[in-house]
Structure formats: structure tokens, C-alpha cells
Amino acid sequence: MGIAFIENADRLHTPAGITCSVDGAELRSFASDSDTPRGYVPRAILKPRSTDEIVSLIRWANDTGTGVVPVSSTGRRRRGDTVPARDNVVIADLSGMNRLCHADDRDKIAILEAGVDFGTVDDLLRPYGLRAMRPLSPRAGKSVVASFLEREPLINANDHWDVADPFGGTLLVLGNGRCAPTGGAAIEGTLAEQLARGHRQMMPIGPTNLDLLRVLQGAQGTLGLMAWAALYCERIPTMEQGWFASADALEPVIDLARELLHRRLGNALFIVDRVQLALLLARDAGAFASLSVALPAWTLFVGLSAGRQAPEEKMAWQQADLQAGAEQHGTVLAASLAGHAATALGQALRVAEPTSFRDRAMGGHRELFFLQQLDRAAGFVPLVRDGLAKAGLGHLPLGVYIQPMAQGVYGHIEFTLPYDPHKADDTQRSAAAWQVAADRCADAGAFFSRPYGAWSDLAYRHDDGIQSMMALTKSILDPAGVMNPNRLPYS
Amino acid sequence: MSKRIEIPVPVRGELERIVGARHISTDPAMLSAHAWNTGVGKVPGAEKFSGIWPVAVVLPGSTEEVAAVVKCCLRHKLHYKAHSTGYGSMSNACSPETVVIDLRRMNGLEIDARNRMAIIGPYAIAGALQAEALKHGLTCHIVGAGPAHSPLASATSLLGVGVTSQGTSMNARNLLSWEWVTPQGDIVRGGTAGSGCGWFAGEGPGPGVRGMIRGFCGAAGGLGVFTRIGYKLYPVPVTGPLEPTGRLPQLGLRIPDNAGFLHAVWPDWDSHRAATFELLDENLCFAMLRMPPDHIGWTVTGSNADYVDQVKRGTLPEVAQPSNDKNWTLMTLSRSPAEHAWRMGVVNEIVQRTGGRILELADEHAEVLFRNLFTSQFVPRVLRPSGGITTSFGVLDSFHFLPRAMEAGQECLAGGSLPGGKLVEGGREEHWSWPHEGRYLWTENIINFDPASKPARIAAARALFDHFAISWKDPVGLMALGLGPVMELQGESIGAPQRYIRQVKNRLDPGNASRSNEYVLPVVPKLVATALPMLKPVILSRPVLELMSRVVGTKGM
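For the protein sequence lines, the chains are L and B, in the order given.
Residue numbering for the first sequence follows this note's numbering, starting at 1 and increasing by one per position.
Residue numbering for the second sequence follows this note's numbering, starting at 1 and increasing by one per position.
Simulated from the structure, these hints should not be mistaken for lab results.
None of the values given here were measured: they were computed from a predicted structure.
C-beta atoms are modelled at their ideal positions from N, C-alpha and C, and glycine is treated no differently.
Take the hints with a grain of salt, since some may be wrong.
[To be verified] Some chain B residues near chain L, calculated using beta-carbon distances under 8 Å:
hint, residue
1, G206
2, V209
3, W269
4, S271
Here chain L stands alone, though its shape is the one from the complex (with noise of 0.2 Å):
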């Protein structure tokens, strides 16, 4: 494919046709995030509007050894994987790629480009009567798509088979500048081709030997870029109900949420301390602080619903097994805590907001969080609080989410630690505890899966010749080293 360039403002020769920015606020806004105060900034912002552009950026970054930082969400970033981690680099801003491609109720499955969010995914999904899986509450601009690639986990956890889920079949775009269908979508023809034959592109692995949707989930952006992706979806509920079966101590409450997973019950699921589900329900800062006193000290929120088929019934079965469950475990089986309904928890939990609910209390959060199974997440709670204590950060609350993944074999366990970004004190010494604090959950057996800024080398100091399987990839996929430069250890 020949690409014509043209020359902007700043002599930066850039694939004709491609919407370009280089208006230097906005490029300085890449060049930080909440957790990265200091980065690179871009030479310019990329915007494309299809496969094809995509395809002749990154052709065009190979040809000019140019760097490609790619970035699918809008609003607030964190973590530090979209800033650029060195100089000569565009940022590839997908956002502007967010059409519903197409969706199959029968098949409960939904193609999306990269740039639809969460903030809009169910207005597209409901004349299908489906809906998108997702994580605990995103926020409005995160993309779907890259929240996924990120192996952020689901709430379905009962859907949650593999790391894999949600996707099917992909298109990928390579470092290479290749397009890289997967799974179901790697079949002859264009996609409108496909869908016109009745594929749904269903499979999530493939083709053949090779599992490219597995490699470029959790590679935070640094070997390739995802077009679009099939999704299974959640079809609308006929009837839906929340539930919260309390405890005081975190294992009674782990035990009942692993029973309701050896019996698939709940389409959402999720465990919080009194401190996260405070910061779920609460508006403002007042009603985090009585919150987070009253609510009990461990909660698992169980949704309940039921389809199509005798939903009646099947309410009242699952109801009955939960209550059973819940006494059995030594939980209490309540509809609502603090006045706050447990089902309109689930319902608010669909509404994306423009800012994350972590953010609301206090203003700033910080996070950690890591995988290990779910009978050792007590471990690490102790370890995180003793730390902050140590510290003298023990008035501030700390927050933790533990969300059972690939059906319950393991956890994604997150501490939260919502503080004042405007207190400088606690701002510094909170970063300090806070690496410290992952450093004693890595000693303990944290796992992290998605090693974002510090913890990469935390994840890595154990490299059991992972890290040269990670070389040989990388060389492969994107030989020239275009893709977000500097991110992950390869070398």
C-alpha cells in the first residue's frame, strides 16, 4: 500500500488523510496522567478513523521510526501506560473508531471498535437487548475494548471462563504494520463478508498455533492496537435483583462467593470491604465519611436475574439457595445496608460516570492491585493496613475490592486508598507507603499480571525465562520497536 504524507505545522510528516493534532496543550495533557507526573510529550496526536488509517500510521511510524503510544479512552488517564515513555512518539488516539459494527441477539455477541466506552456501550447494545460485561464501575470514557486488552476483571465473574473472556474474534494491527485477525475472525473475506455468511466470530482463540488476542491482552499497548472486537454480552434481564451477604471477618464472605460460583449463581459478584462499598455509594464527601463507619466490615454483592425462561421461578430458586448459602456460611442476607438498596446499587453500577468512583471521596485514590486465589486475599490485608500504620497514614481509609476471576480459581485483589490531593503531606508520604506496600504483597505472593510503572519490577524480579519468550515477541510482532516505546521490559 503506497502512503501519501502530508507536512503540518510542525515539519512532522504524517499519513495523508489521518486527522492530526499538534495543538500543544492537548499534546502536553499525554504527557502525564493521575499516577505519572512526568512524561514525554507527543509530537502529535493521530486520529484514525478506520482499520486502513490505523494500518498507515503504523507503516508510517515503522518508515520513520516513530514511536506509537495508543490510546482508545478519553478523560482522566492513570497508570502511566499511555504516557510516552520517550521522545519522537505520536500518540494513536482511537477514540473517534466508536460504532457498534454489529450485534447478534440470538448469539449474544456485539462487535465494537475500539473507541466505544463504557459511557455509551449499552445505549448501543439495547435495541439488541444486550448489554456489555464490565469491571466494577469504569468510568464513562474508559473503552471497552482496552479494558479488556488490559485484563481488567469483570463483575461477570461467573462468565469469566478464562482471562480471555469477553472477547471472540479481533482484528489486530501489528507493530509490523500487518493486520492480525484472530479467532473466529480469521476466516476469508471483509468482515461485512463474514457477517454476511452468518459468522459471528465467536471463537476467541486461534488461528491455528498461534494466540494473538492472548499475547496483546495485558502488553499495554507496546506490540500492536485492536481495531475492533466481538464481545459476548449479558442479554437484558426479564427480572433482576441485588443482594449483600455481610460478615465481619473476610472469610465467611470469600467462602459464600465461592460456593455461589461452584453453583454459577449471580450474574454480577464481587467482594468490598466497608471502606470500597462506602466509596461505591456515597455521592460526596459527607456520606463516605458516616459510610464508611456504618457498613459492615465485608460485603459481597450478589446480582441476581433471571431471562427469559420462567423467570419467576427461577428468581425464587436462586433466592432460596442464596438465603441457604448465606446462613450456612455465617453471612447476613441483607436488600439493603445504611439505607442504600442493593439492587439499585447493581442498576447504578451500569451508569458510568465521567470521574471513578474512587475519586469522589476524597478527590484522588491511589490503587494496588494484584492476583493471587481467593483463600490467601486475607493475607494481604493486614500487610497493607500494618504498612500504611507504619507510616503514620493510618487515618486515612483504605479500601478493598477482591473480584473472583476465570470462574474463581483466582482473585483480582485491589486495595484502594482514597486521599487529598490538595494535602500535600499525605499526597508524599502515601507514595512512598504505597510502594512499600506492594513491595510486602510481592513478597507475600502477589502476583501482578498487569505490571504498571513500579511494579514492573516487581513482577519481573522473579523472571523465570519469561522475560526472553517476551524478547522473541516482541521481535516478531513489532521488529522495528515502534509500539509504545520504553513501557515493558523486553530487552
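Dock chain B against the given chain L, drawing on the hints supplied.
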């Protein structure tokens, strides 16, 4: 048999020092067991032994010993091939310089019941794993090959689909953390095991590099040796061994409380498909299986003679009648009477509303079919008539394709399994179909033939090749067998995955010491790579397909 190569005495001595003298053999009687060339997926030649026998067989007892064996082979310019249970002949040596690394001593099996997973070695067989898991109210996915297969081999190196995939997924998705001896003899641990955090997750830190070495299919021994994995298990409302019923060979299992086991049939594929979408909508069933009626007949009869006798006398039960081919065997598993009542009520309602009916099953037949489905025991039944089967299709897409897949299955068998045909007598098509995770369709058209008959082998090869031609002309979902040389023909039209796979192979194994016929071709001259896709219409033309069928039917594959 190819000309045998003797392993040099010093090399044998080195291997003995690694694995111990009693764990190495060059005895032809032992080697013959590693050159058996039938099994699923193979069309043998006139002899049932492979033309290539290994130079030696070694039995390492640990990952470190495997790594040392690999390095020893590399030092002495020998090839090597991993062998777990050897069910299929994919583990056979691919060159006469091959040392077979038989992993049967590495049979570790540890159940982590609270976290619904197991940590297993290559020779922890599925039947043993299921028996241990059931003690904790768990079961495992068992691929179509049956309980004697190695879940590790399936999860890391082959396909991994099986009749309970509706409830137990497939093995590419059941693989958790993994330990691997690379083609250069280095030990790599992926995911959590690499960070010393356990065996529960296989991806990260960062990218999921496993995707470079295991896609829909693994490398079939073409990329080193996998030695230990974390493996996902599935909860069932049953604890301990199920109660056996019947007598050999018609062993059954008592259907547990709150379990449903039904066989429903529909008048046409459209109504069958309409029912399927509804049955999948709320994951009503733990397992759904469509079998050709003749294969059901092979299962509910104790011998071939009994089956043939009942066909002649017209006494086959209704489930095995050819007219009842638009069928589902449905298994529901519930935890309470109320849940059971809901599942069964909804299933019955869907069947009736979509024009289907539920057949009456005699207890003995229901129990035999239940056992075969729950423990994936069908393979001996399917091999019983002839001892030779190969397979075709895959689909891995919407159930939209089910009627078309059935038509295509019929086209590729071309009457070969009807009376007077050269294949084993059965139906117009021989599709085994089931859903995965409540989502997509897997269906494979079984090609059943007499391996001792050259015309039958040729007919089987022709049916296999025809399925490629049919699938490429009008894609019926994804082709499961788009592997190795086949991908050289197809790859350029689907993103050229073979180019990346070849790079992986050549970078990790530049001397092709870890040799497999079922993995990518390490070298394809540029001219050939360019010409092959263009030659596809010629290769798929009737005269060429006929010629290839004759060659395969004569020489074996």
C-alpha cells in the same frame, strides 16, 4: 520401517546418567510401542506401524531430567519428541534420529479443591484426574479421546475439545500456569509459576506470551516439552464415585439426584437449531451432545454383532433409529429440587414449543449413555466397528451453521457410509456436535473406515480432503484442521499466521530438533510460499484430490 539407526554407546551412556539405566530402552519390542500409527486422526498405510521408529526411548522422572535429555540430544545432533499417553500417533518420531521422551513417570496429580484447580504432570490421565476431582465435588474436561488421554498434552500441545465442553470448556482455556522445557533445553515457567506465586494463572506479567506457542492447537511436540501445568476444574453437584450400573461392556452410572438426562429429537434442522439457541440462552444444560444415530446404536449395544443383529431385526431402540438424527442428548445438573424442577420444566417446554419430542429411554440405555457422556467414554464405541477413524470440520462459530454443517458433512462422505459404500456403514453424515460454554458450535464429521482395507483408506482420505475443498469453497465456520501444511494453503487469506509461527519455530528451534509433522513447516521456499495459495484451485481440483487420496491410502499419513 526406515533403516534403523543405532544410538552410539557414549550417547546412550550420557542418557543413562540422566535418567538411570532402567529408564532407557533401544529394544525393538519397546520401540515398536512408540511407532504405532493408528489412533484418532490418522489414515495409516498398509501397515499399522509408522515407517519411522525412534532410536531410543527414555523415561525422565523430572523437569530437570527432561531438560538434560533435550540438551543431550542437541549436543549429539539427535532429534526428540515428547510422548505423554500416546493415544494419537502425533507423538510418533518424525525422523529416525529421534529420541522419544516418554513422560509416563511424570504423573503428578495434586487437587486444589478450594480453588477448583489441579496441578498435573504429563502422565496424569484424565480418568484418574476425574476420579480424584470427584472426591471434592469437581470434575475435569475430558477430550474426545477419552479418559486415557493426558490433559496436560491436550491443554498445551493439541486441540482440547470434548463432549462436555458446554460445561467444562476446552483445554486451551482450561490451561492455567505452565512449565515448559524449551527446544533448547531451558526451563521456562509462564504466568504465576514463573513468579513463584502458584499455578493458578497463565498470562503475564504483561503480555500473554503463551499465545505464541499455543493457539487453537498446540505445537504437537514441535516446540519442546511441557512438564507441569495448573489446570482448571469444574464443580458438579456430585461428591465421590458415582454408582455403577450394568455389566461389562454395558456399564452405566446411576443418574444422580437432581440430574436430568433426556434425549430429544426434532423433525428438521431448522427447528433443532431454533431449540438450540433457546437451550443455550440460560445455560440450562451441563452437557449437550448430538450423536449420529448409528453411533448411539453402537453405544447401547454390547458388540458389533449385537448391533448388526438388531439392525436386521429392526429392534434398535428409538434413539438409535436413523430417522432420529436431528437430536440432542441433554444433561442437566442441579443443586436443589427447585433448581432441578426449573431446568427440566424449561427444557421440556422448549423442546415441545419448537416442535421436538423427548424420546423414552430405557433405564439401562440412559445409564450407559449418561456414563459415556459424563466420563467421555465414547471413543472405544466409535472405534469398535473398524478400528480406524479420522475427522473433519470444526465450525467454532454460531449455531447458525448447524444445518449447513450437516449438509457439508453429507457432501464430504458422498454416500461412502451408506450401504455399498467403502466406509463403515452408517448415516449420510456422521457429525458429533456440541456447544462450548453456551456459546458456539463444535461439530466434527467422523470418517469411519477399515484400516486394513486399501479402498477404505482411500475413501477416508478422499472424504478428509474433500472437507478442505468444501470448507474453502463456502466456509462453514473455522476449520479445526487448518494446521501445518494446510495452513500454507490457507494462511495468506486469513492474516498469514503461518509466517509468525514459522518465526517462533525457527527462533526457538533453529535445528528443528523438536520435530513434529503436525506443526508448521520450518522452511518453505519463498517461491513455494507465493505459489501455493495461487495453486489452491489446482490442488483442490477433483483429479488432484483423487491422486492425493490414493497416495495417502497407500502410503499412510
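Inset, instruction - Tell me, in ascending order, the numbers of any earlier hints that this structure violates. - result: 3, 4
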